[in-house]
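Sequences and hints are given; from them, build the entire structure.
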Amino acid sequence: MQEVHQTTVMKPPITRVGVIRWARANLFSSVFNSFLTVVTIYFLWKIVPGLIRWAFIDSSWATTGAQCRAGGGACWSIVTKNVRFIIFGFFPYEWQWRPLLAMIILFSLLIVSRNRRYWKKWLGYLWLIGLFVMGLLLKGGLFGLPSVESTKWSGLPLTLLLSVFGLTAAYPLGVLLALGRQSRMPAIKSLSVVYIETIRGVPLISLLFMSSVMFPLFLPEGITINNILRAQVAIILFTAAYIAEVVRGGLQAISRGQYEAAESLGLNYYQKMRLIILPQALKIVIPPSVGILISAFKDTSLVVIIGLFDLLKTTQATLSDPRWMGFSVEAYIFIALIYFTGCFSMSSYSRRLERELYRGT
Amino acid sequence: MAQEVADSPEITASTKIPFWYDPTKRAIIYQVVVLGMVGFVAYYLFTNTLANLERQNIATGFGFFSKEASFEIGESPIPYSAADTYGRALLVGALNTIKVAFIGVILTVILGSFIGIARLSKNWLVAKLASLYIEVMQDIPVLLQLVFWYAVFYESFPSPRQALSPIRGVYFSNRGMVFAVLQPHQVYGYMALAFVVGCFAVWTLHRWAKKRQEKTGQIFPVFLVSIAILLVLPLVTWLLGGAPLKMNFPKLVGFNFEGGATLSPEFAALLSGLVLYTAAFVAEIVRAGIQAISRGQVEAAMSLGLRPGKVLRLVILPQALRVIIPPLTSQMLNLTKNSTLALAIGYPDFVSVANTTINQTGQAIEGVGLIMVVYLFFSLSTSALMNWYNKKVALVER
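From first to last, the protein sequence lines stand for chains P and C. Mapping the first sequence onto the numbering used here, position 26 (from 1) lands on 26, and the numbers just tick up by one. Mapping the second sequence onto the numbering used here, position 47 (from 1) lands on 47, and the numbers just tick up by one.
Per label pair, the in silico range of CB-to-CB distance: (1) C:33 with P:257: 25 to 35 Å; (2) C:120 with P:122: 39 to 49 Å; (3) C:33 with P:341: 39 to 49 Å; (4) C:30 with P:264: 19 to 29 Å; (5) P:198 with C:128: 35 to 45 Å; (6) C:128 with P:122: 39 to 49 Å; (7) P:279 with C:33: 19 to 29 Å; (8) P:184 with C:307: 46 to 56 Å; (9) C:305 with P:265: 55 to 65 Å; (10) C:59 with P:146: 42 to 52 Å.
It is worth saying that the hints were derived from the structure and are not from the lab. Since the structure is predicted, the reported quantities are computational estimates derived from the model, not experimental observations. Backbone N, C-alpha and C fix where the C-beta goes; we use that ideal spot for every residue, glycine too.
This is how it looks when you write it as C-alpha cells:
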C-alpha cells in the first residue's frame, strides 16, 4: 500500500502542453498542413515587414506633398492636412461643428439602440427627435443658425444622411410592398411583384441615372428638386425592394396558426397585421435588415457617379489638387478604414443580435 | 345544431349584406382604387414628360440607333470607329460588359471556393487569414476598391518608355499589361475544331462507360481517358499542321506599344476589384454549403468503401451544391450589376456607352430604359440558366 502512495507526480510531456501542443494541433497536424504553414509564414515574412516599413517607419504624417515625395514612405500627410475637407467637404468652414454634432447625435443614438432592453416606444420617439435635430443642424435657418444650401452638404455627413434617411424612409415602403406581395388581390400582388423584381434586377446606377437625368423631365415646368433629394429618392426606391424581400421572409416564417388564431379572434386585416403578425415578423428580420443598412451604407458611394460630393468624391477632389497628386493609395486607405469601421461594427452587432434573438425564443 | 345555424336569419342569402362588408367586393374596390392611383400618377408623369420634351426640342424614339456616334471607345472586342452608329457603339458596350462579367464570374467562383475551403482549414494560420480576407473585403464598398486598384495600377507603374519587363515579351506600364501572343495561323482554327470533336468523344465515352457499369459493374477510368483525349487531339492537329510557333511581340513605337495583346489598366482594375470583392461573399457561401453536410454523410460514404476522391465527388459535392447554387446565383448577378461601376474608372461598359449616348442625344428616357432592359435581360437569363442547373442538382424526392 505504501508503495502506491509514493508515485511521483510526473509532468505531462512537453509536446502535450502549452504553445508546442497548440502549434502541433493547429499548425503542423499533418505533412500538408505543415507545408501550408511554412509557405504562409514565408509569404507573410516577405510582405508584412515591407508594409510596416512603408506605413509606419518611412511614412510622413504632417508634411507638405513635396516633402512626402522626397520621403519615400506612405504619405499620411494627405489625410492629416486635408481631413476636414475629406470629412465635411464644402460645408462652410466655421459651421463645420454642426455636421459634427449631428454625427455625434447619430452615433449616440446608434449606441443606445444597441441595447435590446431599450427597445421601447420612447426610443422610437428619440430617433424621430434625433433625425429632426440632425436635419435642423445641417439645414439651419432656425434658432439663429444660418441656413446652409443643401448643395454644400458633402463628405461623411452626406454619406450617412443618404444611408440612414434612405433606410428609415424605405422601411415602411418595403413593408407595404411585402404585404402587397403576400396579398390575395391579383392587381396589388402583381404590381408589387413587378416593382420588386424590376428594381432587384437592375443596377442601382440605372436608378441614380433616372433620378439625375430622367426625373427633371417628369416634373411640371418650373419645378426643380435638388440633386441630393433626387438621389435620396432613388436610394429609397432601390432599398425598399430589398427590404420587401427581407420582410417577406419574416412574414413567411410566421406559422399559419398565428394568422388563423388572429382571424378567429375576429380581428380584421389591419388589426391582425399590426397586433399579431408584423410585431413577430419584424423582430425576426432585424438581423437581415442590419445587413441591408450595411449595403445601403456601402452603396451610397455610388452617388459619386452622378456628381454628388460624398466621402469618396471629396477624397478624389483632394487628390486632384496638384500639391497632393499621386497619393491616392493613402487617401483611399483612410476612407476604406472609415467604411470598414462602420460596416464591421454593424455586421458584428447583427451577428450578436442573431445569436441573442434565436437563443431567447 | 348545424341545422339551426344554417337557418338563422342573419346568414341566409336573402338578407342584404351591405357591399362594404363583403370581402370579395371590397377587394375589387381596393384594387380599382390602387390601380386608379397608379394610373393617375403614370398619366401625370407622362403628360409632363411629353410637354417637357416638346419644350426642350428633344427627339423621341430609337431613331438615334442608326445615326453616327462620333465618339471613340477605348477598347472593343469587335472593330469599331467613331464613324460607326450608336447602335454599334452600344453593342460594343454590351460585349465589353459580357466580357468582364463572364471572366469575372469564373475567377470569382475559383477564388471564392478556394478561400471558402481555406476558411474551414484545420490550419489555424490559413483559416484566420481567410476569415480576415472575407471580413475586410466585405466591409469596403466595391466602388472604393475599384478606384483603389485603378490608382494602384495607374500610379505605381511607370510610363511605357520605362516599362517593366519581367520576362521577354511582357511589359507592365501605366497603359496596362502588354504581352506577346501567337500570330494567327490556320492551324489554330483546326485545333479548336479538334477540341470540340474531343468534347463530343468524351461525352460519348462517358455515356458508354455508364451503361457498361450499369450492365457489368466494371468501372472504366473515364476521367483520365477524357483528359488524354482532350489534350492529345489538338496536340496531334498542331503537330500535323507543322507546329507553328511564331509570336507577335509588342514593340515600343513613340509613346505606346504596338502589336501583342493589351490588358488595359481599366479592365484590370475593374476585374480585380469585382473579383476580390465578390469572392469574399462567395467564400462565405461555399463555407456554409460545406458545413451544411453532416459528418455522418462522410462517415457513411467511407464505411461503404468509397475512396476520398469519390466521397467528395459522389457524396459531398452533390449535396453542397444544392445549398450553394441559389445564393451563388445572386452573387453572380451582383457581380454583373456591379460591373456598371466601370463608369467611374473609364472602362467602356454598356452603362458608360449609354451615358455618353444620353449626353450627346439628350434622349434620357430611351437611354435609361435601355440600360434597365439590358440588365433585366442579363439578370433574368442568368437566373434562368442557374435555375435550370439548380433543378438538375436539386434533391429528387421519391
